[in-house]
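Asks: So the chains spell out like this:
Protein chains: 2
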Amino acid sequence: MTPFKLTDELLEQIKQLIADNDTQELRSMMQEFHYADVAEIANELSVEEATYLIKLLDSETTSDVLTEMDEDVREAVLNNLSAKEIAEELEELDTDDAADIVGELPKEIVQEVISEIEDREHAKDIVDLLRYDENSAGGLMAKELVKVNENWTVLNCVGEMRKQAENVTRVHSIYVVDDEGKLKGRLSLKDLLTASTKTHIRDIYIPKVDSVNVNEKPEEVAKIMQKYDLEAIPVVDEIGRLVGRITIDDIVDVIKEEADKDYQMAAGISQDVEADDSIWELTRARLPWLILGLLGGLGAAAIMGGFEEMISQHAILFFFTPLIAAMAGNVGVQSSAIIVQGLANDDLKGSIGNRLVKEMLLALLNGLILAVLLLLFTWVWKGTFNTAVAISLSLVVVIVVAGLVGTFIPLFLHKRNIDPAIATGPFITTSNDIFGILIYFWIAKLILGI
Amino acid sequence: MTPFKLTDELLEQIKQLIADNDTQELRSMMQEFHYADVAEIANELSVEEATYLIKLLDSETTSDVLTEMDEDVREAVLNNLSAKEIAEELEELDTDDAADIVGELPKEIVQEVISEIEDREHAKDIVDLLRYDENSAGGLMAKELVKVNENWTVLNCVGEMRKQAENVTRVHSIYVVDDEGKLKGRLSLKDLLTASTKTHIRDIYIPKVDSVNVNEKPEEVAKIMQKYDLEAIPVVDEIGRLVGRITIDDIVDVIKEEADKDYQMAAGISQDVEADDSIWELTRARLPWLILGLLGGLGAAAIMGGFEEMISQHAILFFFTPLIAAMAGNVGVQSSAIIVQGLANDDLKGSIGNRLVKEMLLALLNGLILAVLLLLFTWVWKGTFNTAVAISLSLVVVIVVAGLVGTFIPLFLHKRNIDPAIATGPFITTSNDIFGILIYFWIAKLILGI
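Listed in order, the protein sequences are those of chains A and B. Heads up: the first sequence at position 56 corresponds to 56 in the UniProt record's numbering, and the numbers run straight through without jumps. Heads up: the second sequence at position 160 corresponds to 160 in the UniProt record's numbering, and the numbers run straight through without jumps.
These are calculated hints, taken from the structure and not from any lab test. Among the hints, erroneous ones may be present.
Computed beta-carbon distance windows for the label pairs [as the list claims (entries may be wrong)]: (1) A:SER278 - B:PRO288: 33 to 41 Å; (2) B:VAL357 - A:TRP381: 14 to 22 Å; (3) A:GLN31 - B:LYS415: 30 to 38 Å; (4) A:LEU155 - B:ASN151: 34 to 42 Å; (5) B:ASN151 - A:ASP133: 49 to 57 Å; (6) A:LEU189 - B:PRO288: 52 to 60 Å; (7) A:GLU257 - B:ALA76: 31 to 39 Å; (8) A:LEU155 - B:ASP191: 22 to 30 Å.
A few chain B residues that don't get close to chain A, going by computed Cβ distances all over 12 Å [said to hold, decoys possible]: (9) GLU25; (10) GLU91; (11) ARG131; (12) GLN164; (13) SER278; (14) ASN386.
The list that follows gives simulated cross-link-like pairs (lysine to aspartate or glutamate, EDC-like), each with its CA atoms no further than 16 Å apart [said to hold, decoys possible]: (15) A:LYS84 - A:GLU116; (16) A:LYS358 - B:ASP277; (17) B:LYS227 - A:ASP250; (18) B:LYS227 - A:GLU68; (19) A:LYS261 - B:ASP260; (20) B:LYS256 - A:ASP260; (21) B:LYS349 - A:GLU274; (22) B:LYS256 - A:GLU220; (23) B:LYS217 - B:ASP237; (24) A:LYS223 - B:ASP253; (25) A:LYS256 - B:ASP253; (26) A:LYS217 - A:ASP419; (27) A:LYS256 - B:ASP346; (28) A:LYS5 - B:GLU150; (29) A:LYS223 - B:ASP37; (30) B:LYS182 - B:GLU150; (31) A:LYS223 - B:ASP260; (32) B:LYS208 - B:ASP178; (33) A:LYS184 - A:ASP237; (34) A:LYS358 - B:ASP276; (35) A:LYS256 - B:ASP260; (36) B:LYS256 - A:ASP347.
Just so it is clear, the structure is predicted and the values come from calculations on it, not from any experiment. Glycine residues also receive a C-beta, built at the ideal position from the N, C-alpha and C atoms.
One chain only, chain A, in its complex shape:
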């Protein structure tokens, strides 16, 4: 397949069809597109045009379109729909997607929307899901699943399953519960089909089943499903009752968001922004880190001011401050990034002490190689061997300290249950800039004997 590409021409054509009120052509055109593509189109339309499009298509299609749309566009479009219209959309959605949308609605209309949902079981499930923290397994799960009681016979079971499966788009597993609703295990479709109809489920089910607690963090659920290659995982409450299930497609989104967030943190962007957000939103995400950088720079300037008396004899020292600061920053970001990634992927073994020793050796090796290059260059350029030695030696020390700081801070934050990703990027760069320049002038002063 050639992936769908929203061209300017196509967008213009659609806008024109909306303006012309050409419902027939629009309907047949949209039928050709996947709902994710229709959502992409809707994101680029005005709120009025997008609302027109949503009202035009039947709720079976548009409900899926809504879940794929940008949050701000969706909110604006829902604002233009009546409680009954919104309820019709929710009716078509899986409970997890429906709960997400209800969670975004203005409080005043939630009750009215819920009361308009005809399928009362569905409404009850959605309300149940609203109770869970968005940032937990409960906030991710859906109520659609197939569960059977261990005391049923295969015959009961098949009948019940047929009823339940109607609401479930993709059956990943059949879960087995006891009379209290506690998750006991799972059932393979094959065993179910080959067993005699009078067999009890308790005699044929597989007691081994992975599950997560409703309060588990999404990142943890993602790690478990990824490690064990699961396509769905059941969710249990505090006393082990089966309350929902999470599917891999929701987890893919979690993994992507986590990675994007860590990447943005490392780049000094503190909020979840996209290139197409407003200048104001982008400023709010970027400015705080820049102010931190500014303060760091002022600190560095103040330190250099303290060594002002050296400037007449050793101006060259001041020429190398950007180099020292840059190297301290680069090494710090490298070492912290490796630790942050190791922590995120759960593959750091051994003690903090061992890590620091290793990073010290690594930084020492890199530092020495770089120092030799720097020594040769400075010596040739300026011809003052002593100054060249002072600068190069400082570089080694600065790199080692920067590496240790970059390794220690994320490990320390992680121990204190703070997201270590915050330690990468501007934070580590700025503190290493200051440390680096302080060490540099201090060592230079010592060696040059001023």
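Starting from the known structure of chain A, fit chain B onto it as the hints suggest.
Replies: Chain B only, in chain A's frame:
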């Protein structure tokens, strides 16, 4: 479930059991663990111990363990197995995992291993898969799938499907092909079960099915599956014949690897390394970027050397060079990161020109706020208004230029089909350092009239 945690005590216990040759206890212990957990254990054992463990368990378990193990440990363990033993492991694996392992084997033994595989169909599928580039849909796909001919009746179909399904762990879809093997569409299980046994498949199949070409890049396949919430996607060759299918669990790994790679690039780590790799491997990944930083620093030093005559009257200008360099670097990384992420997620709309205008406004806004702060501080600190104005004004210009460079370079690389992620991190920082300091001294000279 509480996720499995490999403690030092558990590892010691297992090592002891291996030393004691206590096969019975080891076997019953490993039976309790998931294969991904056994792989985690094997990664921490010596090669001899890991080999012992692999030989001890039956190939049904160990084949899965092998696929989950670290590549270097797996290679070492396979080295200790005979061609026949390796073939037994391959026999149990899906074709995609088997082909990955065969791809890692030393060339001399590949043929022998393949010839030891008893299931000749399986062997043929593995050999077929070896032909595809690892970095393509063909390199990711497996041969296990359920396909039916459009000319079959429902009755033929059910019989054929039963045979095929034996080899397929999870049936995601039933694909429909014509006599030449070209992918025509898919079949819903429900339609198949409700249709009369004499109906032809061509009359009931759904002609709409997403597919990807064997040569498609894994990142593109990931984007498509993620956008359309697919759990599996069929792969077709150049003339549209169905040759395999890719499942979402493989795609999860692709997404994770892509994100990790971009993150490492931004942090100035050029190869796929982990915290537990050797100092030598880590040096090879980190040193090149540090040398780049060193060159940048030398460039900055040379520029400052060229403005040496200013040092007697305006030493303060030199104190602010780390600040200017840091701000240029930070802004550059921020703007490039947003572009790189937007490109990776395919959500950049509009022309390069528009992007640059937007970034200019954004940088101008941030720059002005920061410049006012800097102006106040410098004025109060040093009391020289003219110098303070020169420094602050330079800061605004430097930030705007850094933002434009950070926006332009990744867009430019992307147009030239070079991975834009390379433009984040040390590359952008270093070039912005040099630009920044040059602009800074040039403007200062202009304003202070030296």
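Asks: Hint by hint, which ones does the structure fall short of?
Replies: 2, 13, 28
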